[in-house]
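If you want the building blocks of each chain, they are given just below.
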Amino acid sequence: MGLKVGVPKETAAGERRVALTPETAGRIQKLGYDLQIESGAGDAANFSDDVYRDAGVTVLPDAAAVWSGSDIVMKVQQPSMAEAGMVKEGSLLISFIWPAQNEDLVAKLKDQKPHAVLAMDQVPRISRAQKLDALSSMANIAGYRAVVEAANNFGRFFTGQVTAAGKVPPAKVLVIGAGVAGLAAIGAARSMGAIVRSFDIRPEVAEQIESMGAEFLFLDFDNADSGTEGGYAKPSSPEFREKQLELFQAQAPDVDIVITTALIPGRPAPELWTAEMVAAMKPGSVVVDLAAEQGGNCALTVKGERIVTENDVVIVGYTDMASRMAAQSSQLYGTNLRHLLDDLTPEKDGQPDVNMEDVVIRGCTVVKDGEITFPPPPVSTSVVPKAPTPKKVEETPEQIAAREAAELKKAGSRTTMLLVVGAALLLALGTVAPASFMQHFIVFVLSCFVGFYVIWNVAHSLHTPLMAITNAVSSIIIVGALLQISSPNTTVMVLAALSVLMASINIFGGFLVTRRMLAMFQKS
Amino acid sequence: MSIGLTTAAYVVAAILFILALGGLSNQEKAKRAIWYGIIGMTLAVVATVASPGVTNLPVIIGMIIIGGGLGWLVAKKVQMTQMPELVAGFHSLVGLAAVFIGINAHLEMERALAAVADGTTSDLAGFAATIAKKSSVELGILKVELFLGILIGAITFTGSIIAYGKLAGKISSNALTLPGRHAINLAAFAACFILGFLYLQGAGLWTMIVVAIIAGLIGCHLILAIGGADMPVVVSMLNSYSGWAAAAIGFTLGNDLLIVTGALVGASGAILSYIMCKGMNRSFASVILGGWGGATAGAQQEVEGEMVPTNVDNTVQLLEDADSVIFVPGYGLAVAQAQGAVSELTKRLRDKGKEVRFAIHPVAGRLPGHMNVLLAEAKVPYDFVLEMEEINDDFPSTDFVMILGANDIVNPSAQDDPNSPIAGMPVLEVWKAKNVVISKRGQGRGYSGVENPLFFKDNSRMLYGDAKDSLDAILKQLS
Numbered sequence: 001m002g003l004k005v006g007v008p009k010e011t012a013a014g015e016r017r018v019a020l021t022p023e024t025a026g027r028i029q030k031l032g033y034d035l036q037i038e039s040g041a042g043d044a045a046n047f048s049d050d051v052y053r054d055a056g057v058t059v060l061p062d063a064a065a066v067w068s069g070s071d072i073v074m075k076v077q078q079p080s081m082a083e084a085g086m087v088k089e090g091s092l093l094i095s096f097i098w099p100a101q102n103e104d105l106v107a108k109l110k111d112q113k114p115h116a117v118l119a120m121d122q123v124p125r126i127s128r129a130q131k132l133d134a135l136s137s138m139a140n141i142a143g144y145r146a147v148v149e150a151a152n153n154f155g156r157f158f159t160g161q162v163t164a165a166g167k168v169p170p171a172k173v174l175v176i177g178a179g180v181a182g183l184a185a186i187g188a189a190r191s192m193g194a195i196v197r198s199f200d201i202r203p204e205v206a207e208q209i210e211s212m213g214a215e216f217l218f219l220d221f222d223n224a225d226s227g228t229e230g231g232y233a234k235p236s237s238p239e240f241r242e243k244q245l246e247l248f249q250a251q252a253p254d255v256d257i258v259i260t261t262a263l264i265p266g267r268p269a270p271e272l273w274t275a276e277m278v279a280a281m282k283p284g285s286v287v288v289d290l291a292a293e294q295g296g297n298c299a300l301t302v303k304g305e306r307i308v309t310e311n312d313v314v315i316v317g318y319t320d321m322a323s324r325m326a327a328q329s330s331q332l333y334g335t336n337l338r339h340l341l342d343d344l345t346p347e348k349d350g351q352p353d354v355n356m357e358d359v360v361i362r363g364c365t366v367v368k369d370g371e372i373t374f375p376p377p378p379v380s381t382s383v384v385p386k387a388p389t390p391k392k393v394e395e396t397p398e399q400i401a402a403r404e405a406a407e408l409k410k411a412g413s414r415t416t417m418l419l420v421v422g423a424a425l426l427l428a429l430g431t432v433a434p435a436s437f438m439q440h441f442i443v444f445v446l447s448c449f450v451g452f453y454v455i456w457n458v459a460h461s462l463h464t465p466l467m468a469i470t471n472a473v474s475s476i477i478i479v480g481a482l483l484q485i486s487s488p489n490t491t492v493m494v495l496a497a498l499s500v501l502m503a504s505i506n507i508f509g510g511f512l513v514t515r516r517m518l519a520m521f522q523k524s
Numbered sequence: 001m002s003i004g005l006t007t008a009a010y011v012v013a014a015i016l017f018i019l020a021l022g023g024l025s026n027q028e029k030a031k032r033a034i035w036y037g038i039i040g041m042t043l044a045v046v047a048t049v050a051s052p053g054v055t056n057l058p059v060i061i062g063m064i065i066i067g068g069g070l071g072w073l074v075a076k077k078v079q080m081t082q083m084p085e086l087v088a089g090f091h092s093l094v095g096l097a098a099v100f101i102g103i104n105a106h107l108e109m110e111r112a113l114a115a116v117a118d119g120t121t122s123d124l125a126g127f128a129a130t131i132a133k134k135s136s137v138e139l140g141i142l143k144v145e146l147f148l149g150i151l152i153g154a155i156t157f158t159g160s161i162i163a164y165g166k167l168a169g170k171i172s173s174n175a176l177t178l179p180g181r182h183a184i185n186l187a188a189f190a191a192c193f194i195l196g197f198l199y200l201q202g203a204g205l206w207t208m209i210v211v212a213i214i215a216g217l218i219g220c221h222l223i224l225a226i227g228g229a230d231m232p233v234v235v236s237m238l239n240s241y242s243g244w245a246a247a248a249i250g251f252t253l254g255n256d257l258l259i260v261t262g263a264l265v266g267a268s269g270a271i272l273s274y275i276m277c278k279g280m281n282r283s284f285a286s287v288i289l290g291g292w293g294g295a296t297a298g299a300q301q302e303v304e305g306e307m308v309p310t311n312v313d314n315t316v317q318l319l320e321d322a323d324s325v326i327f328v329p330g331y332g333l334a335v336a337q338a339q340g341a342v343s344e345l346t347k348r349l350r351d352k353g354k355e356v357r358f359a360i361h362p363v364a365g366r367l368p369g370h371m372n373v374l375l376a377e378a379k380v381p382y383d384f385v386l387e388m389e390e391i392n393d394d395f396p397s398t399d400f401v402m403i404l405g406a407n408d409i410v411n412p413s414a415q416d417d418p419n420s421p422i423a424g425m426p427v428l429e430v431w432k433a434k435n436v437v438i439s440k441r442g443q444g445r446g447y448s449g450v451e452n453p454l455f456f457k458d459n460s461r462m463l464y465g466d467a468k469d470s471l472d473a474i475l476k477q478l479s
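First to last, the protein sequences are chains A and B. Just so you know, the first sequence maps onto residues 1 to 524 in the numbering used here. Just so you know, the second sequence maps onto residues 1 to 479 in the numbering used here.
Hints are supplied without guarantee of correctness; some may be wrong.
Here are the simulated BS3-like pairs of lysine-lysine, each with C-alpha atoms no more than 25 Å apart in a straight line [unchecked claim]:
{"#": "1", "chain 1": "B", "residue 1": "Lys347", "chain 2": "B", "residue 2": "Lys476"}
{"#": "2", "chain 1": "A", "residue 1": "Lys409", "chain 2": "B", "residue 2": "Lys278"}
{"#": "3", "chain 1": "B", "residue 1": "Lys476", "chain 2": "A", "residue 2": "Lys30"}
{"#": "4", "chain 1": "A", "residue 1": "Lys131", "chain 2": "B", "residue 2": "Lys432"}
{"#": "5", "chain 1": "A", "residue 1": "Lys9", "chain 2": "A", "residue 2": "Lys167"}
Derived from the structure by calculation, the hints contain no laboratory data. Nothing here was measured: the structure is a model prediction, and the numbers come from that model.
Start from the sequences, fold in the hints, and give me the full structure.
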């Protein structure tokens, strides 16, 4: 009998997402769990109670029933203090927690004596854990939605058009910060036809930016410690910042839409789009600030609001981009949760095992058996040390030509050498060997050559049939045995007869097997 | 039938053999090529039997019928997965026949010489008659050829038997490394050549019999010292030897058809060995001299991390999510007899509109082209079974790679770790794909005994268990 997994309705204001969708429900049941959900939990994401019932989920009347009747509770937003108070002893809570910002909440959760609390925001950023990475899934949606919001507030087409009614210039979009959200925004804006530029303080993401079809704004600055920390950008030096702002200031009058996504974990968002830059923008331009939650990248951003500045620039500071696409984000978040349950339940018996040896599970777990286990020990992202690969020196066409000529010459002189040596050997042999031998020898050498040229043309896939057929053909030795079998000497006769026998096995066996093999090769 | 007619028949037979080998350049022509071989062989045998001086017809026909029947039975019954050992086993027969014929040649030579001494050469017929006409220099050369025929024949015979045993799993496939094994081989060869020299000086048949025995031991030891991963080279090398043995016997008997055919087979085997060696980036000498040389310059890189097991459900999930799938088969597929299951899986996935292909490494399996034959047997159409060079660039754009019982041929340390014993060997770059699932019986290492860092990569998952059972389970779950 599997444990009960419960999903309450989100209580945070404006939150439309839900931690379980009918589709993920089916998958979670396969892991051996029983599912229950609070009535109406999926309404805002367009999943009605009936759809859940059809998927085999028990619908409970209120949140209290879910919290008290479930061994595992899954949520989207961090639990409120009231919700934290409902956490059952010995149960498992999986949700966003943000433990660094919510020490009180973590302490409160610890006091409830749950078996464990797993924070979806603490999934380590390693390849293996990508399928659990809820932050990435949400950031992806936020990036897309940011473009949609920008388009909604922008009074022109994104794509450039020449119509009978006149020419429309394409919109210019600047995306600052090319993390998951930034890249998603680039992709969405590009596919709507805009000209997209992007900047990130990590020069190594230039390739990713360009792969999405945007232009990477290159900053000529020697920034030695632009490295990353657990996959996120680190704060930059004041000199670098100055250069960066200069670059943005130059862009401000030119671009129509700015999407900022720069976040540094555990710190207020850096201010990258100053009031001065907003003032320099054309009327009707739009700024979408995805960092609004952490104070915003734009100086004028108001958290959770859309404002219009004096010079008619719209600044969107919504903090619930993912929630604005509740059906999609619930689906992705639900799948992340399912993957986590998958990892927690290796036996598929509905009994979770919070295995602290597993770096991924260790990373998410913030409370375990009455103790706070946050922060986790650092995880090294690369497991296998990479041997330094020597850089290949690019050759110029002249060098290639020269090298090839040299190789050809070398091969040519080698062939000449071989021919000379071979001819000398043959001549030496000819001086001692009698004519009858030399006649056979000519045949032998020529046959070797013929064999050499014929075999090189054999298709690689036919090497096994080739072996089988040469095997059959090599039993031509039967001819030798046949020539001897008429000898009056009994020993000779018997040995020859045995040879004929063995060679015949080979002939018939070899050809038959080859035929069997060749008959199997077929075209689709 | 006159000698002229016999020779004409031989010429035709030789041409037919060349056409038979040349016809293997593509799959469609190959089906015709085999008939060239069969007709050529029939022609050669009939012409020989009908040539002057060949009697004992009932014995000949009896032996051919018995031998043919046996060969037919074996060829009908053998499983496609047992092909490597079958071919190796067949080689041993040619080797032994060469030894017998060599010894016969000596006996006939003695008889002919005795007749010359008695002045009764006119009674001689067939082979003995030709010997009787030879000068003393020619007889010396004949003896050298005879010696070579027996030497190579005996090595082929025992070597093939050992290879058969290893491939059939009757003998451990680990490389046997006796102390001073090179010295042993050298001493044995030296002994053979000394005996050969004695033989030239007029010592009797015993020298040749001892040569056959010593050469037989060399054959055993040589092949025992070669590790399982090098088996493709060994089989093609033995193939080559059987050809050279036939050619040497041809010289002895003064028969051009034997020489031509022997040389063809010898060259073919030699080239195959060369191609195999290139596939493993190893020199021919290092393969033949046995074992993975222990003389690597530095310590191998330690592999850190852990192998992450997965299960059938997850694999099915990955398969369903993937648009492009590549299967990489290895020897394990042959062992598990899973070619039918993988073929069925391929069909199902293709019906769902996914791109499914196979990547074949040149030395996958235990025979050159082994995997192609297996897949062909399971009716996987050959136009999406691709070679390493054709498909290696496609891995980065592939969603899912499933490795079926292969190990060394997908080992990234061949590229990353200069101290690895397989450093520099061309490998399939499967780790560049999005997800890799490795179907494997246990946590053991490959034939080369080298640890495989692929298994520890973040995008790798291990699916433990018999490849056929796993594939069958996947088939069942795949909707």
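These are the hints, each one checked on the structure:
Between lysine 347 of chain B and lysine 476 of chain B, the direct Cα distance comes to roughly 14 Å. Compliance with the 25 Å bound is thereby established for this hinted pair. Distance hint between lysine 409 of chain A and lysine 278 of chain B is fulfilled; the C-alpha atoms sit about 23 Å from each other, no more than 25 Å. Between lysine 476 of chain B and lysine 30 of chain A the CA atoms are separated by roughly 16 Å; this keeps the pair inside 25 Å, and the hint holds. Restraint check for lysine 131 of chain A and lysine 432 of chain B: satisfied, since their Cα atoms lie roughly 18 Å apart, inside the 25 Å limit.
Our distance criterion of 25 Å between C-alpha atoms is broken by lysine 9 of chain A and lysine 167 of chain A, whose separation comes to about 50 Å.
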